[in-house]
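Now for the letters of each chain:
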Amino acid sequence: MRRSNWLYVPAGLTYLFLYLPIAVLVVMSFNAADTPYRLDGFGTAWYGKLFADRAVREGLVNTLIVAAGATALSTVLGTLLAVGLARYTRSKLLDAIAVAPAVLPDIVLAIGLLAFYTAVQFTLGRHSILLAHAVFGTAFVAAVVRTRLAHVDGSLEEASRDLGATPLSTFARITLPSLAPGIIAGALLAFSLSIDEFVIAFFTTGPDNPTLPIVIYSMVRFGVTPEINALATLLLAVSFTFVLIAQRLSRLTESI
Amino acid sequence: MLLFSSSRRAAGPAIIAAGLVLAMTACGGGGADGRAAGPDTLDPNADLSKQKLTVSNWDGYMPEDLPEKFKAAKGPTVTVTKHATNEEIMAKLTAGGDSHIDVAFVSGQFAQALNEQGLLEPIHADLVPNLKNLYPEAGQLAFDKGNKFSVPYTWGTTGLCYRTDLTGYTPDSWEDLLTPKPQLAKKVTMMATERWLMLPAEKSLGFSANTTDAKQLEQVKQKLLAAKKTLLAYDDTTFGDRLKSGEAALVEAWDGWCPTDDPKIKFVVPKEGSDLWVDTMVILKTSKNKEAAHAFINYILDADNHSWAADNILYKVPNAAAMAKVDAKVLETHPQLKMAPADLLKNEVPVDLGDAAPTYTRIATEVSAG
Amino acid sequence: MSATRTPPRAARRERLVGRLATLGPGLGYLTVFMLVPLALVLGYTLFHRGRFGGIVYEASADNYTRVADGLYLGVIWTSVKIAGITTLLALLLGYPTAYLIAQLPRAWRTVALVLVVLPFWTNFLIRTYAWIILLNSEGIINRALTGLGIIQRPLELLYTQGAVVGGLLYAYLPLMVLPLYSAIERLDPQLREASANLGARPARTFWSVTLPLTLPGALTGCVFVFVPSLGNFVIPELLGGGRTVMVGNLIRDQFLKARDWPFGSTLALIVIALLVLLLMAQAWAARRLTDGTDRA
Numbered sequence: 004m005r006r007s008n009w010l011y012v013p014a015g016l017t018y019l020f021l022y023l024p025i026a027v028l029v030v031m032s033f034n035a036a037d038t039p040y041r042l043d044g045f046g047t048a049w050y051g052k053l054f055a056d057r058a059v060r061e062g063l064v065n066t067l068i069v070a071a072g073a074t075a076l077s078t079v080l081g082t083l084l085a086v087g088l089a090r091y092t093r094s095k096l097l098d099a100i101a102v103a104p105a106v107l108p109d110i111v112l113a114i115g116l117l118a119f120y121t122a123v124q125f126t127l128g129r130h131s132i133l134l135a136h137a138v139f140g141t142a143f144v145a146a147v148v149r150t151r152l153a154h155v156d157g158s159l160e161e162a163s164r165d166l167g168a169t170p171l172s173t174f175a176r177i178t179l180p181s182l183a184p185g186i187i188a189g190a191l192l193a194f195s196l197s198i199d200e201f202v203i204a205f206f207t208t209g210p211d212n213p214t215l216p217i218v219i220y221s222m223v224r225f226g227v228t229p230e231i232n233a234l235a236t237l238l239l240a241v242s243f244t245f246v247l248i249a250q251r252l253s254r255l256t257e258s259i
Numbered sequence: 084m085l086l087f088s089s090s091r092r093a094a095g096p097a098i099i100a101a102g103l104v105l106a107m108t109a110c111g112g113g114g115a116d117g118r119a120a121g122p123d124t125l126d127p128n129a130d131l132s133k134q135k136l137t138v139s140n141w142d143g144y145m146p147e148d149l150p151e152k153f154k155a156a157k158g159p160t161v162t163v164t165k166h167a168t169n170e171e172i173m174a175k176l177t178a179g180g181d182s183h184i185d186v187a188f189v190s191g192q193f194a195q196a197l198n199e200q201g202l203l204e205p206i207h208a209d210l211v212p213n214l215k216n217l218y219p220e221a222g223q224l225a226f227d228k229g230n231k232f233s234v235p236y237t238w239g240t241t242g243l244c245y246r247t248d249l250t251g252y253t254p255d256s257w258e259d260l261l262t263p264k265p266q267l268a269k270k271v272t273m274m275a276t277e278r279w280l281m282l283p284a285e286k287s288l289g290f291s292a293n294t295t296d297a298k299q300l301e302q303v304k305q306k307l308l309a310a311k312k313t314l315l316a317y318d319d320t321t322f323g324d325r326l327k328s329g330e331a332a333l334v335e336a337w338d339g340w341c342p343t344d345d346p347k348i349k350f351v352v353p354k355e356g357s358d359l360w361v362d363t364m365v366i367l368k369t370s371k372n373k374e375a376a377h378a379f380i381n382y383i384l385d386a387d388n389h390s391w392a393a394d395n396i397l398y399k400v401p402n403a404a405a406m407a408k409v410d411a412k413v414l415e416t417h418p419q420l421k422m423a424p425a426d427l428l429k430n431e432v433p434v435d436l437g438d439a440a441p442t443y444t445r446i447a448t449e450v451s452a453g
Numbered sequence: 006m007s008a009t010r011t012p013p014r015a016a017r018r019e020r021l022v023g024r025l026a027t028l029g030p031g032l033g034y035l036t037v038f039m040l041v042p043l044a045l046v047l048g049y050t051l052f053h054r055g056r057f058g059g060i061v062y063e064a065s066a067d068n069y070t071r072v073a074d075g076l077y078l079g080v081i082w083t084s085v086k087i088a089g090i091t092t093l094l095a096l097l098l099g100y101p102t103a104y105l106i107a108q109l110p111r112a113w114r115t116v117a118l119v120l121v122v123l124p125f126w127t128n129f130l131i132r133t134y135a136w137i138i139l140l141n142s143e144g145i146i147n148r149a150l151t152g153l154g155i156i157q158r159p160l161e162l163l164y165t166q167g168a169v170v171g172g173l174l175y176a177y178l179p180l181m182v183l184p185l186y187s188a189i190e191r192l193d194p195q196l197r198e199a200s201a202n203l204g205a206r207p208a209r210t211f212w213s214v215t216l217p218l219t220l221p222g223a224l225t226g227c228v229f230v231f232v233p234s235l236g237n238f239v240i241p242e243l244l245g246g247g248r249t250v251m252v253g254n255l256i257r258d259q260f261l262k263a264r265d266w267p268f269g270s271t272l273a274l275i276v277i278a279l280l281v282l283l284l285m286a287q288a289w290a291a292r293r294l295t296d297g298t299d300r301a
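Chains as they are written, first to last, in the numbering used here: chain A, 4 to 259; chain B, 84 to 453; chain C, 6 to 301.
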C-alpha cells in the first residue's frame, strides 16, 4: 500500500498541537524563578514545593480512595450487567440505560446527583463522590465486558451446563475466567476515568476531603503557580510508565 | 443544665409562632427586631464544658488552632465545617429543620436575610463583654444597626488596585476602569460576582449600590456592556497575580486582596465612593448551645484572637483593641489596613436586595454573555 | 434436547434467577443513582426558586417560558456554535491523522496511537492550564512574537471565543482520532485496490469508497467531541475569562451561585434534549450510510 505523503502535514500539526503545551509545562516545571511565564535558569524548587503541599498530597490520597472504591463497585456491577444484557434480555431500553451514564454530559449527571443527595439528606464527602463515580464506571465496565462477551464462545458454557454444572458454578468456572481480560480492561478504564474526573466530583464533594482534580481546580482558579507545572510533569511521567509497562505486558502475553 | 433545657422546651412553640410572625412582617420590609420576639433566657453560669459547638466558616478564615485554644480556655468542643460561598451556607441554613450549626460566618446582607426569616438568635450583649472592643462605627451598619443579631468579624471596601509603572498616572475614578485610557485597554479586570460586577457602574452613575430601580439598573447594564469591550477578563480570584505579572495594569479589587507589598502596586478608593462589605458572625435560633456560642464569639473578639485576621488575611477588623495589635510591618506594606473607621463608613453597606436579587443575577448573566 | 432433560418450569425459574442475579444489581444501582436523579431534575423544572434558594413546590411552566427568552436561547446557541466549530476542527485534524496512522507499519501504529492518547492521561484541568501559559498576553507565544519583532503589542489570544474553541479541541481531539482510526483500520484494502485497478484516481477512490465507509466512525467521533464540549463550563471559565458564557456555565451558576435549581434543571433538560436529537440524527445517518453501501 502506498502512503500519501501530504498526510504528514495535518498529522504533524495534530502532534504539534498535542505536544507543544505539554512540552511547555515540562520545561517550565524546572524553572528556577517564580515567574509563571518566563524561564529563568534551571531548578527543581517547584518539585520541592509540590511535595511539601499538604492539599495536593491529601487530594491524591482522596482520589485514590475514591477511584479504588468506585472501580471495585463498578467492576462487579458492570460485569454482571454485561452478562445479563448479553444472555438474558434483548431489551433495547435496558441497553440504553446501561450506556446512558457514558453518553450523558457530566454536568447533567452531576446536578442530578447533587439534587438526589440533597433530597435524601445524604452527607457529602468522599463516599458520595465514590458512589457517583461508580455510575459511569459501571457503564464503561459493562460496555468493555460486552465487547469481550461477543468474542467468547458460548459453547463451553453450554457444555458445562449439559454436564450438569449449576448455573452459578458455570458462571464462576467458565464465564468469568473467559471474560477476565475484558473485566481487567474495564476496571482499568473505570479507574483512570475516576482519577481524572472533575465535574461530578466538584458537585458531589463535601466541605472536606477534595479529590486531586478539585485541588488542581482551586489552584488554577486562585492563581497561576509553577507548582502545577511540576505536578503535570509527574502525572505525565506516571502515565508514560504505565503505558510502557502495559506494552511490555501485552508483548509478553503475546509471546506466550 | 436541666433547668435550661426544660425552659427551652417550654419556649419552643412560642419561638415557632414568633418566627412565623417575623417571617410575615419581614416581607413588609419592616426591620424585624428579634429581641421583641422574646429570645431564650440564657444562663450566664451554664457549664460550657458540657456544650458542643458546630461552627461554619470559610476555609482559612480563622486560625486553625482556634477550636483547641477555645476548648482549653472555655471548655466547649468546637467542630468546624467549611462553606465556600454565602449561597452555600444560606441553602443549608434555610433548608428547614435543624442544620445543627450553632455559629455561622456570613456576609452582612445574608445575616439580614436570615434574621428576616426569624432564623437568628439575638445577640445577648451581656454574654459578649468583648463587644466593647468594637469601634462605635461597627454598630452603625445598615443591615443590622446596633448589632442586634450579628457581630461583625471583618470589614473592608472595594477599589482600584493598580501598577504605577504601567498606568503612567494615578487613577482615582471608577471611570478609569469602565472607560480606560487607550494604553490600558485590555489591561483591566473587573470582578465577576454580581454585587461587585455592578458596583463600579452603579457608583459611577451616582446610584446606590443597593439600587432596585429598573431604569437605573438598565443604565448600569448598558454601561457594563460598553465596558466589556476594553476589559481583559472578569476575575474574582487572580487579579493580584495578573498585576504582578504585568498582564493587567488596573483591576477592581477588595482592599485586602491588593498586593501592595509589591512597591509598584497601589490601592485607591474611587472618588465616587464604594461599598463597605462586612462579614459577620451569627448564632442560629436552632442552636442548643447558645451560651457556648456567645462565649465563642466573645473569644474571637478578644484583641489577640481578632488581630489574627488582620495579620493573616489582611482584612481590617472592626475591633479597636485588635487593630492596635496588628504587626507594624504588615501595616506598612498594606496601608489600606490603616483606613479610619469613619472613612470606611462613608461607603455604602450592601443590604439584602429582597425580590430584586434575581434581577441582579440576570443582569450579570446578560453582561457576561453579551 | 436440553428441554427434555430439565422440566420446563425449572428452566424458566433458572432463567429468572439468572436474569435477576445478573441484571438486578447493576440496573438497581443505575436506577437509584441515575434514573431517580434525572427524574428529580425533570420534576424540578416545574417548580420555582424560593427567596433564599429553596424550591417552592407550586407547579407552573414558568421555567420553560423563561428559557425561551432571548438571553438564554442566545447562550444555548453560542454553546452549540462553539461545540460545533470544535467538532469540525477536530474532524479536519483528526481524519488525516487517523488515516495516516492506519497506514503506518504495525509497530509504528501503536506508538502513534499511544502518542495521541497520552496527553489525555494528564489531568484535564492541567491541560487547560497549559493554554493559559501559552496564550497569556505575557505568555510564551506573545513573548516569542514580540521578542522576534514580529508584533509590537501582545496579541489578544486568551479570553476570546477562539481560546475556548482551542481549549475544547485540545481536550477532546483524541476522542475523534480513536473511533476514526478503528473505522479506517477496518477498511478492506482490497476495496481500494479494486477501485484503483478499475482506473479510479486516488481522490475519486477516497471520495467514493474510503470516505463513505469511514463515515460511521467519523459520526461517532463527532458525538464524542460535541457532547462534552457542549456541557463544558471549566474551559469557558478559565480560557474565556468569564467573557464567554456557555450553557454549562449557566447550569453551574444556577445550581451553585444563584441557587435556582428549578431553572438550572430546565437548562439541563434542554441539553439532554439536544443530545437526544443529536444521537437520533447520528443513528439515522449511520443507518442510511450502511443501507447505501449494502445496496452498492
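Hints in this document: simulated from the structure, not taken from any laboratory.
All residues carry an ideal CB built from backbone N, CA and C; glycine is no exception.
Each hint should be verified, as a subset may be incorrect.
Straight line, CA to CA, 20 Å or less: simulated EDC-like cross-link-like pairs of lysine to aspartate or glutamate [as the list claims (entries may be wrong)]: (1) Lys-327/B / Glu-160/A; (2) Lys-262/C / Asp-209/B; (3) Lys-228/B / Asp-209/B; (4) Lys-327/B / Glu-63/C; (5) Lys-86/C / Glu-449/B.
Short derived list, chain B residues pointing at chain C, Cβ under 7 Å [to be verified]: (6) Tyr-144; (7) Thr-177; (8) Gly-180; (9) Asp-181; (10) Asp-248; (11) Thr-250; (12) Ala-275; (13) Ala-316; (14) Gly-329; (15) Gly-339; (16) Leu-428; (17) Ser-451.
Simulated coverage check for chain C against chain B, where a stretch passes if three residues somewhere in it have a Cβ under 8 Å from a Cβ of chain B [claimed, not checked]: (18) 48-59; (19) 64-72; (20) 123-134; (21) 259-266; (22) 283-290.
Structure-based check of each hint:
no. : hint                  : in the structure
1   : Lys-327/B / Glu-160/A : 69 Å, violated
2   : Lys-262/C / Asp-209/B : 37 Å, violated
3   : Lys-228/B / Asp-209/B : 17 Å, holds
4   : Lys-327/B / Glu-63/C  : 51 Å, violated
5   : Lys-86/C / Glu-449/B  : 18 Å, holds
6   : Tyr-144               : 19 Å, violated
7   : Thr-177               : 4 Å, holds
8   : Gly-180               : 12 Å, violated
9   : Asp-181               : 16 Å, violated
10  : Asp-248               : 14 Å, violated
11  : Thr-250               : 16 Å, violated
12  : Ala-275               : 5 Å, holds
13  : Ala-316               : 3 Å, holds
14  : Gly-329               : 6 Å, holds
15  : Gly-339               : 21 Å, violated
16  : Leu-428               : 28 Å, violated
17  : Ser-451               : 5 Å, holds
18  : 48-59                 : holds (count 6)
19  : 64-72                 : violated (count 0)
20  : 123-134               : violated (count 0)
21  : 259-266               : holds (count 5)
22  : 283-290               : violated (count 0)
The structure does not agree with the numbered hints 1, 2, 4, 6, 8, 9, 10, 11, 15, 16, 19, 20, 22 stated previously, though it agrees with the rest.
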